[in-house]
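**Q** Sequence:
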Amino acid sequence: MSRRRTYEIPGVDHGSAPIPMAARVGNLFQSSGISGRDPGNNELPEDGVAQVDFAFANARTLLDVAGVGLDEVVFLEVLLKDDSLRGDVNRHWLEWYPDEHDRPARHTTVRDLPGRLKMQLRIEAWTESTK
Numbered sequence: 000m001s002r003r004r005t006y007e008i009p010g011v012d013h014g015s016a017p018i019p020m021a022a023r024v025g026n027l028f029q030s031s032g033i034s035g036r037d038p039g040n041n042e043l044p045e046d047g048v049a050q051v052d053f054a055f056a057n058a059r060t061l062l063d064v065a066g067v068g069l070d071e072v073v074f075l076e077v078l079l080k081d082d083s084l085r086g087d088v089n090r091h092w093l094e095w096y097p098d099e100h101d102r103p104a105r106h107t108t109v110r111d112l113p114g115r116l117k118m119q120l121r122i123e124a125w126t127e128s129t130k
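Note that numbering that gives the first Met the number 0 has the sequence shown beginning at 0, numbered continuously upward.
These are calculated hints, taken from the structure and not from any lab test. Among the clues, some could well be false.
Beta-carbon label-pair distances, calculated as ranges [what the hints assert, rightly or not]: (1) P17 x R59: 20 to 26 Å; (2) E127 x D46: 36 to 42 Å; (3) D101 x G14: 31 to 37 Å; (4) P44 x T107: 30 to 36 Å; (5) D82 x R2: 24 to 30 Å; (6) I18 x H106: 20 to 26 Å; (7) P113 x R85: 17 to 23 Å; (8) E99 x R59: 30 to 36 Å; (9) G14 x A104: 15 to 21 Å; (10) V73 x G39: 28 to 34 Å; (11) W125 x D98: 15 to 21 Å; (12) E127 x S15: 23 to 29 Å; (13) E99 x G14: 33 to 39 Å; (14) T5 x D81: 28 to 34 Å.
These numbers were taken from a predicted model, which means no experiment stands behind them. Cβ atoms here follow ideal geometry from the backbone N, Cα and C, with glycine treated the same way.
Using the sequences and the accompanying hints, generate a full structural model.
**A** Right, dumping it as structure tokens:
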């Protein structure tokens with residue numbers, strides 16, 4: 000039996016890619032790219048702000064499914080196709096982590112993304128959860 004556990008976001012998938020949304024071995028939790036797909040229909044909105052909103056909601060759902068708390072996140076990577084979405088990312092970031100002395104590391108990169116993706120998140124966490 001594998002020590003690895005995998006996790007999914009209900010209603011959201013990677014299309015035809017044969018990869019889980021996240022995996023954990025021991026205390027280490029690592030997500031794949033979390034997109035801004037609408038979990039109600041698995042569609043990617045055209046609007047970048049909606050993608051940011053759904054991506055953070057999807058990330059929170061994934062953490063909940065895996066039993067990982069926001070306080071266990073040690074790194075958040077943000078990929079943006081358009082830097083104008085940075086303010087919307089920061090809005091969610093500050094909702095998640097209002098205390099400037101208690102935030103995980105974060106790195107934001109502006110780069111081309113495939114298809115209609117305007118942004119994507121990736122999370123690393125160290126957790127004591129056994130879920």
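**Q** Determine for every hint whether it applies to the structure shown.
**A** Hint-by-hint comparison with the structure:
For the pair P17 and R59, the supplied restraint of 20 to 26 Å holds, since their beta-carbon distance comes to about 25 Å. Taking 36 to 42 Å as the suggested C-beta distance range, the pair E127 and D46 conforms, at roughly 38 Å. Between D101 and G14, the C-beta spacing of about 36 Å keeps the proposed range 31 to 37 Å intact. Here the CB-CB span from P44 to T107 is close to 20 Å, at odds with the stated 30 to 36 Å.
Under the hint 24 to 30 Å, the C-beta atoms of D82 and R2, about 39 Å apart, miss the expected range. Under the hint 20 to 26 Å, the C-beta atoms of I18 and H106, about 21 Å apart, fit the expected range. Against the hinted window of 17 to 23 Å, the Cβ-Cβ separation of P113 and R85 comes to about 20 Å, which satisfies the hint. Between E99 and R59 the CB atoms are about 21 Å apart, so this pair departs from the stated range of 30 to 36 Å.
At roughly 29 Å, the beta-carbon separation of G14 and A104 lies outside the given 15 to 21 Å, and the hint is violated. Judged by the Cβ atoms, the range 28 to 34 Å given for V73 and G39 holds: they are separated by roughly 30 Å. Between W125 and D98 the C-beta distance comes to about 19 Å, which sits within the given range of 15 to 21 Å. Range check, E127 to S15: Cβ separation about 35 Å, and the 23 to 29 Å hint is violated.
At roughly 38 Å, the beta carbons of E99 and G14 sit within the given window of 33 to 39 Å. Evaluation of the 28 to 34 Å hint for T5 and D81 yields a pass: the beta carbon distance comes to about 31 Å.
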